[in-house]
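Protein chains in written order, with the working numbering: chain A, 5 to 462; chain B, 39 to 275.
If you are wondering where the hints come from, they were derived from the structure by calculation, not from laboratory data. On a predicted model such as this, the values are computed, not experimentally measured, just so you know. It cannot be assumed that every hint is accurate.
To be verified - Facing chain A, a subset of chain B residues (Cβ under 8 angstroms, in silico):
no., residue
1, M96
2, K97
3, G101
4, K143
5, V146
6, K152
7, E155
8, P158
9, R159
10, F172
11, D176
12, E177
13, L179
14, N182
15, V211
Heads up, the beta-carbon is just placed ideally off N, CA and C, and yes, glycines get one too.
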Amino acid sequence: MLPRKPTNLIVLALCFCVVCTSLGPVVLAQKKKAPVEATPPPVNAEFKFGEVDLEILEQADLLDARFERDGLVLLDEATNAYLRRIGQSLVPRDLKLERVTWKFRALRDPQPNAFALPNGSIYVTTGLITLIDNESQLAAIIAHELTHVMRRHTYLSNRSNRKKFLTINVMQAVGAYAPLSVVGAVIMAVTTVAPFIMMATMYGYSRDLEREADLKGIDMMISAEYPPEEMVNVMKLLNKDIEGENIQLFYNDHPALDERIKYLSSYLGARANTVTPQMELNRERKLYFQKLEPVMRHNVQLAINVGRARSAVYLAQRLVDFHSDSENLFWLAESYRALGPRAPQLTEKELTNSGKKEAVKLREKRTAEEEERDLLATPAGKDNWQKHQQLAEELYQRALNDENPAPVAHRGLGMLYEKLGRGADAVVQYEKYLEQAPAATDRERIQRRITALKEKQK
Amino acid sequence: MSARSFVLKMFALVVLLTVSGLHQVDAQFLHPKIQSKETTIRRVVVLPAKVNVVRDSMKGPEGMAAESDELSTRVAAMVAEVLSKNHSITTVSPTEPGVDVDSQKYNVADFQTKFDELLPRIMKKRSEVKKGRFTMGDEVLNLNLEKGTDAIVFIRGAGKKLSGGKTAFNLLVGGVPAYLQLQIGIVDARNGEVLLYTDPDFKGDPTTAIDRLRKALSKGFKKLPEVKDQQASPPKH
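Bound-form chain A, shown alone (with noise of 0.2 angstroms):
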């Protein structure tokens, strides 16, 4: 029986629309469980460019020489090579595709991310290259940005949003002008509700586009002969979360880590059974941690540098177990040092959703100078910085013991020493970094520090 006064009407519509929302998700989630064994081709054979798309291509050139401008790409011809190489043994041979040049190249971003642009441009960042075991892991990687490009996924994707977008329009138009009438708050009920659906769909969409490229990611590995099983191993490294930033949202992009490591552990099944010589020799993490520690050392000191301390320790610390050298111990130092009294791991409630979104509104609202003093007025941060500070100032002392020891340790104890009031000691520490390393492009940042520490020591 329909309702039969207006009031009710509305109500009827409203509770719709509610529904509608928020049922979008979950429905668009239950498509997902669909079987995963049919992928679809490696490259969009039918797919023509119009106009809009070389708009985009336009902007993808654009954006590319950005990254280069700005010093964001990393200029180490080596890494970049290594990256070339690897995407080239994955791309089918003798593949020709319209507009597209392939570029391989390492991003400096402390935040383990990559991306492609529909011109061909995969960027891999330096956060990633250094959380990952292998040069399997990194095939994974590249393998799931080139299904992007090759599957155009950028320009269907952006084709699908500009549809969605003048619809979201469209009904905010008729919404507006809504009669002064039940059936006009009915109509404005559902306009004002169906953006909200339109933009679930624009994220199932998304959603639905990485799914493809994690899937047909693990065919190519396959085909270029990297074990597929490291396709989830990457995401069960992604899955750590150190900095507790990988907060679930109302809408997203990509599916849940979770979910990737389900669908793409039973899309394996029998696939990762077969294993060849080379797959093993692709496996070799010393292998990777050899050609790749440069770049995982620049990475650390990019993680302190805008305060991913806890990553910048766990990330030292590997590169220490694999080579205990001075310049490693060194970075080890400095990423305790950095992380003062923060603890080094969070804490369960940290990692929950509402922990990390706590952690964010805080981190808006304090400077790191103020963080740690609020941390120091605790006992738990006292007990982490004397920790910390003990386990660096050790470090820095190996550091400096070595073979061949780094000057920069010097340095690290002299800030170490500062910070603790031992004005003093800090001196004889910097005055020995400026003797042994004269060209030194922070000299005269210590110089100053000297001359400060002297001062107050009058």
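Position chain B relative to chain A; hints supplied.
Showing chain B alone in chain A's frame:
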């Protein structure tokens, strides 16, 4: 309370709110060292601006990378022009001769990132620049700028240009007009303290409204004291 006095009080409240609202829009916040003239800004390095504009059409936002690059260059040049004309502040190049170009490129990029990290906190409590709360640390000295450089200027911005269809749509239905909103921070080149923060803005097409941009910038730096002589300020710790 009579009806007339109630109306008068409400009117006064509205006026007060409007005035304080306007103050918020044209806000500029100076470090106490600038207020007290303990620090004087004579020579600055304007780092490349990062201003992004998008074209809002009926089919959603579209990137404008070329226009954004052009606007970024224009804003940086205009900031230098305003500082020079209105405040007699000289602008110098961020790269000193003899410094390795690649490493300086990294250096500048890292400091730009560091400013991006600090910016949301400044924006959250802009008035606390007046208390000297924000700093980028003495690492700024690693930029190895030309001797006598007093400060570094960081510029960020976002803007929106409307397509013809979207302009008509906004007239009919309402919506956010075309605009440009900038965030500019001036940081002490010796110790990294944020000496000034200002966020000039204007309504209109950000890619073509050059006069409005100049006016907004002049207004944005209005409180910055003018330099009387051109001697370099002594180094401070």
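Tested hints:
no. : hint : verdict
1   : M96  : 5 angstroms, holds
2   : K97  : 4 angstroms, holds
3   : G101 : 4 angstroms, holds
4   : K143 : 4 angstroms, holds
5   : V146 : 6 angstroms, holds
6   : K152 : 6 angstroms, holds
7   : E155 : 6 angstroms, holds
8   : P158 : 5 angstroms, holds
9   : R159 : 6 angstroms, holds
10  : F172 : 7 angstroms, holds
11  : D176 : 6 angstroms, holds
12  : E177 : 7 angstroms, holds
13  : L179 : 4 angstroms, holds
14  : N182 : 6 angstroms, holds
15  : V211 : 5 angstroms, holds
Of the numbered hints stated above, none is contradicted by the structure.
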